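Number of protein chains: 2
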Amino acid sequence: MRLSCLIVVLAICSQLTIAQNQKTDWESMFRGIPSPERQREYMQRLSARPHHVGSAYDKDNAQWLLSTFKQWGLNARIESFDVLFPTPKERLVELLEPRKFTATMEEPREVVDITSGQRADQLPTYNVYSVDGDVAAPLVYVNYGIPEDYEQLERMGISVKGCIVIARYGGSWRGIKPKVAAEKGTIGCLIYSDPKEDGYYHGDVFPEGPWRPKDGVQRGSVMDMPIYPGDPLTPGVGATAGAKRIPLKEAKTITKIPVLPISYADAQPLLAELSGPVAPESWRGALPITYKIGPGPAKVHLKIKSNWDTKTINDVIVTIPGALFPDEWVIRGNHHDAWVNGAEDPISGLVAEMEELRGLSELLKKGWKPKRTIVYCAWDGEEEGLLGSTEWAETHAAELKQKAALYINSDANGRGFLGVEGSHSLEQFINGVARDIEDPEKKITVWKRSQLQRIKSAPSPEDRTEARTRPDLHIGALGSGSDYTAFLDYLGIASLNLGYGGEDGGGIYHSIYDDFYWFTHFGDTDFAYGRALAQTAGTAVLRFADADVLPYEFTNLNETIRHYLDDVKRLLKSMQNQIKERNREITEGVFSAIDDPKHPLLPPPTEEEPPYLNFAPLDNAVDALSRSADHYEKAAKRIAHAFIPPSPEALKAINGKLLLTERALTHPDGLPGRPWFKHLLYAPGAYTGYGVKTIPGVREAIELKRWKEAETEIVRVAAALQLEANVIESTARDLDAQPTK
Amino acid sequence: MRLSCLIVVLAICSQLTIAQNQKTDWESMFRGIPSPERQREYMQRLSARPHHVGSAYDKDNAQWLLSTFKQWGLNARIESFDVLFPTPKERLVELLEPRKFTATMEEPREVVDITSGQRADQLPTYNVYSVDGDVAAPLVYVNYGIPEDYEQLERMGISVKGCIVIARYGGSWRGIKPKVAAEKGTIGCLIYSDPKEDGYYHGDVFPEGPWRPKDGVQRGSVMDMPIYPGDPLTPGVGATAGAKRIPLKEAKTITKIPVLPISYADAQPLLAELSGPVAPESWRGALPITYKIGPGPAKVHLKIKSNWDTKTINDVIVTIPGALFPDEWVIRGNHHDAWVNGAEDPISGLVAEMEELRGLSELLKKGWKPKRTIVYCAWDGEEEGLLGSTEWAETHAAELKQKAALYINSDANGRGFLGVEGSHSLEQFINGVARDIEDPEKKITVWKRSQLQRIKSAPSPEDRTEARTRPDLHIGALGSGSDYTAFLDYLGIASLNLGYGGEDGGGIYHSIYDDFYWFTHFGDTDFAYGRALAQTAGTAVLRFADADVLPYEFTNLNETIRHYLDDVKRLLKSMQNQIKERNREITEGVFSAIDDPKHPLLPPPTEEEPPYLNFAPLDNAVDALSRSADHYEKAAKRIAHAFIPPSPEALKAINGKLLLTERALTHPDGLPGRPWFKHLLYAPGAYTGYGVKTIPGVREAIELKRWKEAETEIVRVAAALQLEANVIESTARDLDAQPTK
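Each protein sequence line maps, in turn, to chains A and B. The first sequence maps to residues 1 to 741 in this note's numbering. The second sequence maps to residues 1 to 741 in this note's numbering.
All the pointers check out, no bait thrown in.
Given that identical chains are not distinguished, each listed pair holds provided it fits within a single copy or across any two copies.
Below 25 angstroms or equal to it, Euclidean Cα-Cα: the simulated BS3-like pairs (lysine-lysine) are:
1. K573 / K456
2. K448 / K580
3. K598 / K443
4. K196 / K214
5. K598 / K196
6. K70 / K59
7. K598 / K442
8. K252 / K705
9. K598 / K456
10. K448 / K598
11. K299 / K256
12. K705 / K580
13. K580 / K456
14. K303 / K100
15. K401 / K369
16. K249 / K161
Everything labelled a hint here was simulated from the structure, so no lab data went into it. As the structure is a prediction and not an experimental result, all values here were calculated from the model.
The following block holds chain A by itself, in its conformation from the complex (with noise of 0.2 angstroms):
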């Protein structure tokens, strides 16, 4: 039985099926049970009522999970902290100049769709976290509002500083679009849903089809989450009770300047009265009017008045012990909270989540046992910023560092393919998992669905001919805007964010027609994905919970690290090649004989060549590591085809150094400029959000010039490299010491 168990952990790295042995049959029975009626039924009972954070359909929402959990016969608890949390008491966009104007900022109810109309619940349309604030500026058009759309005011020769600036939705997260703004001078924030992103230009609006109607708005947080996600008075340490804050003032993810969310009809008056340069051509969206510039005539009046409110969170946790590894945890998480109704985001994955659950509860009931402790959890405060948990993570960080194995997080869920990001360990893992789930539409395995997708969107040749023959489809790099953010870059625990995606589109995220009906008509509508969902997510779960040996696979990890490598490494070298070629281009005239004096471009300015930088420590770091994951691959075979199978006080050995490899890639100073993001190899970007930057000390630093901190950075992840593939080195003796004979 051991035997068998041992060359599951093997099997995924191939196609061999896995059906003769007895995981493959608690499994497969897992598998059979996740259903989309029931999960259908769960998304109409918790997003009845806008639930968002402090409602009282939020805490209904936990004590229903937390009653239906015991139900299931499972050992649940609620966990909850007190967080910061703002809700408008005042909000005001108006024009003032050249004619006068008011935003309405109301999403009117639409018949067909009665919890619409449920006003008395819902939060208004608002940027949570903006600072407080009363300016009236003259207007300009950012564009994404991202540092490169600065640099072309700047050579336009447009001054936005004392202005008030109006971004469209997109090009980075939301929380950028004030930050750089109030970074540039400007004294407030309007961020608005441009058509072109989800509205009319893709297809019918809502209720006749899935995309933003003209008065919809993307309510959604703008704190400053990549210095650090969770409650802003709280950072590091959970927000209990008796928790110590620090006092508002000091909190540096609130924003600068005050921001306020609109619809593109209250958007569209404000850009109609700008003048000045037409906007070029990438910044054009949707509308029927010719984007400009500005800034002004039109002037704006903006304000936004909150009640600083401390508010309850609840998550549900539920814990299944494990029998063999107790200390070894598999983590599961989904977020239950949402902006006002939130069918699809994030109920749709939170129902899968509960078909997992009813799923093991199923198997423990039929005399399962998983080897290792498996803890499912509903987070609360999602949508403002991670609230539930990170201050959860923060709480049990200690006992957490010490166990957890991993963590899996789902989201909104919809049809389509199977995406995943996460840490390259799991690669192996998780490609094996993909290769076991049907798809629903095309019955065939998700994995090869995947498979013939990237053939077909391969940008080059040699990406066809690798996705033809790589035996794993790679999995990209976690940046941020879920809930594993805590776990993998402020605990370093190996993590995996899975959903699928890609068929359907739709304007009504973060709105109030994010809601059951618009689910039922043009999302997942017969909960088909919903089900796979939970059967992979819950396979992922099962087979990581039982398996002997923790299946963290390496020589993904150092390939991939590689390729990291060798992207920092064009960076730098594309950044000399077009400084250097700038500053010819600027010497020989270029930018003053192609400038039409008409529509004047200021020429950019000379800037230094960047230096080389010494690369040495990595590539060697990264030599290191492909020696001992080569190594580890190999014991780790020869394990798995042995007759006498490790002890299980070996394999709890093993397990705990292995479970060290994530953490290994962490440094406890976290990165430049932002401790709590503590992983070397995985970050969302200061300036894009949710976007992930990989090498990210290195990386940031070559993009923002900092060379010695390049040079710095690259020692210090060289250093975590190398004691990575210590661990890894280490704990493939420990596999060859093991007899097999």
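Fit chain B to the known structure of chain A by using the hints.
Only chain B this time, still in chain A's reference frame:
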């Protein structure tokens, strides 16, 4: 004196200034003459009223040009032709279902723009050479209406048979749209101006800005010009009074289905009533609607009925006889007719041509005697299908083939960069001219400005290096769309098309708003580039007319042909790779695996892989051409540095051979399926209309997968290039035989 003249011929190949010889004095003197103010006056007069073919003011303009040229002491005459020119009696576009709407098809006057109110003289909005028709059918949106758009529709499972299509302007010459639509079995075609192409998407609309207002319509010809341009009833012969005419129903260039152009104000109500699949992203314009494809439920009634009249067109021709080589002609042309007032198109180019001619008349008065005969032409009937130039060229074909050494064309002119397309035997020559013209905005040469622009816009570092180091800037190849067509493509006369542009945009093309008000507010408002064009084209005429040896050059020609050959080989290779890869993907099940069942796309059909073709004849011919071009270059250089220049008789003989070099690139049988087009290197694409196809016989055969034809064409083009090599080699030997001391 003769020595210095000969140096000039070669000096154009270098950056030597040509300051100390007599020719330069004439040139410098000439370049001082063209006056912006006079161009403004001419434009005001010529665009004062609508002057389309058959209108009173068109004839009046011709008479005024004639008398003006005569006043300047020039030998001017009018040559007239009688051409088929249908004008509409009835036009109707109405939406029948699901609601009623009738298109206005009227361009309203703008109060600030006086000539826009000359309603009685304006041609209605229509597409000339549309067949009469009265049809009603469901509407389908076909994007640009080019062949690849119909391939996309097939993949979507949409049949257009029996439908009326609506296509937006752009992506091809407009005449291609009804041509392809008819081939696909549709029964009518609407063409509209989407604001994404030339409307508010780009900037303020007229009269606040230069872009197309909501009711603006682009008139224009839809004859099947890639078969033959000119009068539809007299293919290949001049439409003189007594010419034999084919019956109307045999005229292949008349459309097969009725066509009308409409504004977007008229198009939007039709497009808004389409349902069916959402159009692919690249098909979407800038209207505030969801672009859908249909067919229907919009049902459209389209009716067009014309007076199929014959009208007289008047070309104004000026001849300046050559003193030394009267039978070697330099021809210069620009059309004078317009769709309405036509200030930009074509008067902005015509007024520059007029100032050239006034400049030459001044030189003549000062004693200048050009060595070659110079012919200046102001063409009528260009807009309908290059009528004036084509009928003239066909009428004088025999003499022109014997005597014409160069045709220089221009059309609408604007601010910005010098654009040059033409025969590559003239590439060095026109580069030399461009080095002597000052850019009015930047006070550097127009050559330098172009070079710096190419450095900036180079798509690769290799292209950038070439832009920096190649002595000559590449010139483009000529497709069609203006009056050079008959000269280059029908007669094989080395041709150039010159014009400035790239800094101003606008959306008044072929509308009532292309007038003096528009041009003097939004075009080359101070006629600085009108002056530059007169200096450029005039210098070219002067330099070419006075060169001892015709300033053709063949190493650049050879290099260019080698590029074209490489292109054609790459085209075949890439088709082979693409089809092979697609067939493999079809077998692998890629298309069905990635297909979204809610938005189904049919998989593409499996196709036979293109065979390898025998390019050896072309490779050998290009090598032969390379050897002769190198030989000629050396021989010409020796003569240029000779103490004893060749005698006039020797020069006549040499030039007589050189005259044949462009003719050698033609074939009397023309291209496959379109015998009128005789040039084997350049032709407008059968399915692009304006866009050039180089080595068109071979390239289009490959594109259309006619492998036999491709092999035949390879041999035919190779023979022409061998002939070309022989002529050049023989001329080089003649030069070698000249005594030089």
